[in-house]
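Student: Since the structure of chain V is already known, use the hints to place chain D on it.
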Amino acid sequence: MAKERSTFIDNLGKIYGMYTGVFILFVIVLGIAEYMGLKPKFIGWTFLAVTIAVYAAIGIMSRTAKVSEYYVAGRRVPAFFNGMATGSDWMSAASFISMAGALYGNGYDGLAYIMGWTGGYVLLAVFLAPYLRKFGQYTIPDFLGARYGGNFARSVGIFAAILASFTYLIAQVTGVGIITSRFLGIPFNVGVFVGLGGILVCSMLGGMRAVTWTQVAQYIILILAYLTPVTVMSYKTTGIPVSEIAYGQILQKIDAKEKDLMLDKKELEVRELWKKRAEELDAKIKALPASLDEEKKNLEAKLAALPADAPAKEREAIEKALKELPKTPDEAKEKWTKARDTAKGQAKNINPYIQPFARMDKANMLALTFCLMVGTAGLPHILMRYYTVPSVKDARSSVGWSLFFIFLLYFTAPAYAAFARNEILTNVVGQSFPSLPGWVSAWGKVGLFSVKDMNGDGILQFAEITLNTDVIVLATPEIAGLPYVIAGLVAAGGLAAALSTADGLLLTISNSLSHDLYYKIINPKASILRRLTISRTLLVVTALIAAYVATFRLTIIVELVAWAFSLAAAGFFPALVMGIWSKKTTKTAAILGMILGLGVTLFYMIGNRFYGLNWFGIKHISSAIFGLPVGFITMWLVSKFTPAPSKELQDFVESVRYPKGAVRVAEE
Amino acid sequence: MVEKEKLEAYWNENKRLTWIVMIIWFIVTYVAAFFAPELNKISFLGFPLGYYMGAQGSLIVFVILIFFYAARMNNLDRKYGVEEEEE
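Going down the list, the protein sequences come from chains V and D. Per our numbering, residue 47 is the first one in the first sequence, and the count goes up by one each step. Per our numbering, residue 20 is the first one in the second sequence, and the count goes up by one each step.
Excised from the complex, chain D in its bound form:
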């Protein structure tokens, strides 16, 4: 069952990628918010960093993260031959 192993490998790589995305997501929101009072002492582009992360930084990371994930998954589809048929 080569096919089955291949699919499993695809799914495992997907899971690894998902973990990476979730860890970054967690750091930019929760870790950054948790330490916001400390981060506020640092100035970034004229903003206190803690505030900046909540108001802009985390949002920018979210947008990039989703496009990054989409691109990686599309590559993964091709690598394992599970991509959709073209019309």
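Same shape as in the complex, but just chain V:
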């Protein structure tokens, strides 16, 4: 068995190389089939079915009954492949589908996400990863428990791990539902459970071992899917097939066009109309519930006043408006507030794309970048991955590989945004409505891109476009004039991104519960079989709960995900860093620091989001900017006034610092 295993590890390059080749061949064959008349819907189904089947097959082949395999993939994952696995573990549905759109909308200020979600790996590399590997256990609460002695620190760790991971998991499951429903035309709720099946076969049988090898396979698909459309787009627009280099000149074109649009009279007219619209809606919201009745009466009167020979279209339009009218004042308030905010946004001046701090002020942009970085270095599902490499040395370089593979996608995302913005400014804005490109109406039908002739001049103005950020990545294949097979590839990539992250998160949550809570705290005598059975059961239960919550489509989820970073930053980062870098940090200090850091962060988040609390104008998304220093200072101060940690614990810290004597392969 051991021999069989090592031949697998030795041949990883060959195996995944072949896998990549076969996958590309598969895409080409589908492309030829499409050319010969295969229907798009069938292509979508084939893509998703084949990829999920591949992930499931890897999961089944990697099944295991060994604890070390289940929790840390036997610590045999080479640095390079752990980097790939971390890459797909890290890049979620949001990174893949929404990030380019966020950049499209936020211009320079959106780069906070690009820098924040990559710069955190530097912190991970120098402060945490090699030391956690030297420690060499199974989970992050394991480290807290060992360093700060006793179950209390471990319990706080379990709480923080679940708090940060669960909301994030729901967002991934939602992403799976959106992708499957959009490309397969099945209802969202069914899509969620189809995807869930894919996640479960992977992680349940083989734990970390299965998740690792599936994530590598998923990385390959997602990166191919991400790079292909934008490269073609770049070649078509600029003649340079490297989008990351080519978009420099595009940025300058965008800037020039935007300057024209800022002074354009028609644009000003449309913005004025939006402003009026926002005011009208505002008045209507204030006059609720009377305004709703009035609206209904008006429509009914209009319908009644319609002459008998009026065109059917007109009648239908009024009937439809009546039908879509909110049923209750509460519903009306929600709907109209949303419409008012959109109108307000559309009424705003165009902010130059490359101008810094036009949409977010400097303090908020820097604070957000910082919180995302520290949060990245504190997310347990990422930290856990560095337990799986064979040595401390590998842990160090594996962080480099991780960032390299993430970098490939992140430095392409701004290119996506720039090409899309250029396309919209050049070929969409200023066109007459009938001559708009085909993709506009195609994505309009699914509600991701909408145009409305506000001033009735028959020409599309920039301010007449509203779009959902997801459309940037999803529509690029069509904008670039690529066949449908590439759109299917993008869907498969998005699905891979969502599934791989969901796998990692699910494992983190179920391990926290089964290993840390059950085995370490409740029943240390549990047999291996029992531990693994409990772990697997919890995995299924957690997945089902996440899917169930996802079916409600709560709008708060997006915000909660952003919060996860601040929570991870304040909850884990100080305790882990101090635990390694300061021998004097005591148990009481660490526990107090974690609780206060998390407490202040949660307090500001909720206070700022719901009750108008405001410290220095910082937005709730960057709450850790307050919680993090509180955590560090508390740990430092309290350590001064509590008895120093025992000699044993200090020796433990020493041992973590020097690579010599690291456990190679976890035996059990």
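Keep in mind that the hints were calculated from the coordinates and are not lab data. A couple of the hints might just be wrong.
To be verified - With a straight-line cut-off of 35 Å between C-alpha atoms, the simulated DSBU-like cross-links for lysine-lysine are:
no.: 1; chain 1: V; residue 1: 390; chain 2: D; residue 2: 60
no.: 2; chain 1: D; residue 1: 60; chain 2: V; residue 2: 629
no.: 3; chain 1: V; residue 1: 312; chain 2: V; residue 2: 299
no.: 4; chain 1: D; residue 1: 34; chain 2: V; residue 2: 439
no.: 5; chain 1: D; residue 1: 23; chain 2: V; residue 2: 439
no.: 6; chain 1: V; residue 1: 359; chain 2: V; residue 2: 369
no.: 7; chain 1: D; residue 1: 25; chain 2: V; residue 2: 629
no.: 8; chain 1: V; residue 1: 566; chain 2: D; residue 2: 98
no.: 9; chain 1: V; residue 1: 366; chain 2: V; residue 2: 332
no.: 10; chain 1: V; residue 1: 373; chain 2: V; residue 2: 491
no.: 11; chain 1: V; residue 1: 305; chain 2: D; residue 2: 98
no.: 12; chain 1: V; residue 1: 693; chain 2: V; residue 2: 566
no.: 13; chain 1: V; residue 1: 369; chain 2: V; residue 2: 322
no.: 14; chain 1: V; residue 1: 299; chain 2: V; residue 2: 408
no.: 15; chain 1: V; residue 1: 332; chain 2: V; residue 2: 373
no.: 16; chain 1: D; residue 1: 60; chain 2: V; residue 2: 439
no.: 17; chain 1: V; residue 1: 665; chain 2: D; residue 2: 60
A quick note: this is a predicted structure, and the numbers were derived from the prediction, not measured.
Tutor: Only chain D this time, still in chain V's reference frame:
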């Protein structure tokens, strides 16, 4: 206690290296972002420099920085004899 002094020296060198890495990290992200409006006036590879730093420059530096750190630490391990045993 030669051993102990050696270990301390190792840790101090590690700390110095960590400081260097953190200073570079800070400059390419925060200093560059702070002065982005000014940097945007400079053109670099056809990009406004402020934008370039946020979208690519800082990222490239991060990747190089981590590999640089890993290589330096591996050397340090050998220099002080605290490297892992080979299998």
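Student: Decide, hint by hint, whether the structure agrees.
Tutor: Hint by hint, here is what the structure shows:
1. For the given pair, residue 390/V sits about 31 Å from residue 60/D by alpha-carbon distance, which is consistent with the 35 Å threshold.
2. Distance restraint check for residue 60/D and residue 629/V: the Cα-Cα separation of roughly 47 Å exceeds the 35 Å cut-off, and the hinted pair is therefore not satisfied.
3. Proposed proximity of residue 312/V and residue 299/V is supported: the alpha carbons are some 21 Å apart, at most 35 Å.
4. For the hint linking residue 34/D to residue 439/V, the alpha-carbon distance of about 17 Å falls within 35 Å, and the restraint holds.
5. The suggested pairing of residue 23/D with residue 439/V holds, with an alpha-carbon distance near 22 Å, which does not exceed 35 Å.
6. A C-alpha spacing of about 15 Å is found between residue 359/V and residue 369/V, which places the hinted pair at or below 35 Å, so the restraint holds.
7. For a cut-off of 35 Å, the pair hint linking residue 25/D to residue 629/V stands: about 18 Å separates their Cα positions.
8. Our distance criterion of 35 Å between C-alpha atoms is broken by residue 566/V and residue 98/D, whose separation comes to about 38 Å.
9. Distance hint between residue 366/V and residue 332/V is fulfilled; the C-alpha atoms sit about 25 Å from each other, no more than 35 Å.
10. For a cut-off of 35 Å, the pair hint linking residue 373/V to residue 491/V stands: about 25 Å separates their Cα positions.
11. A threshold of 35 Å between alpha carbons decides the hint, and for residue 305/V with residue 98/D the separation of about 59 Å lies outside it, so the pair is violated.
12. Under the criterion of a C-alpha separation no larger than 35 Å, the hint pairing residue 693/V with residue 566/V is consistent with the structure, at around 23 Å.
13. Between residue 369/V and residue 322/V the CA atoms are separated by roughly 25 Å; this keeps the pair inside 35 Å, and the hint holds.
14. Between residue 299/V and residue 408/V the alpha-carbon distance is near 25 Å, which keeps this suggested pair within the 35 Å criterion.
15. Between the alpha carbons of residue 332/V and residue 373/V the distance comes to roughly 17 Å, so the proposed pair stays at or under 35 Å and holds.
16. At roughly 42 Å between alpha-carbon atoms, residue 60/D and residue 439/V are farther apart than 35 Å, so this suggested pair is violated.
17. With a CA separation close to 29 Å, the supplied pair residue 665/V and residue 60/D stays within the 35 Å bound.
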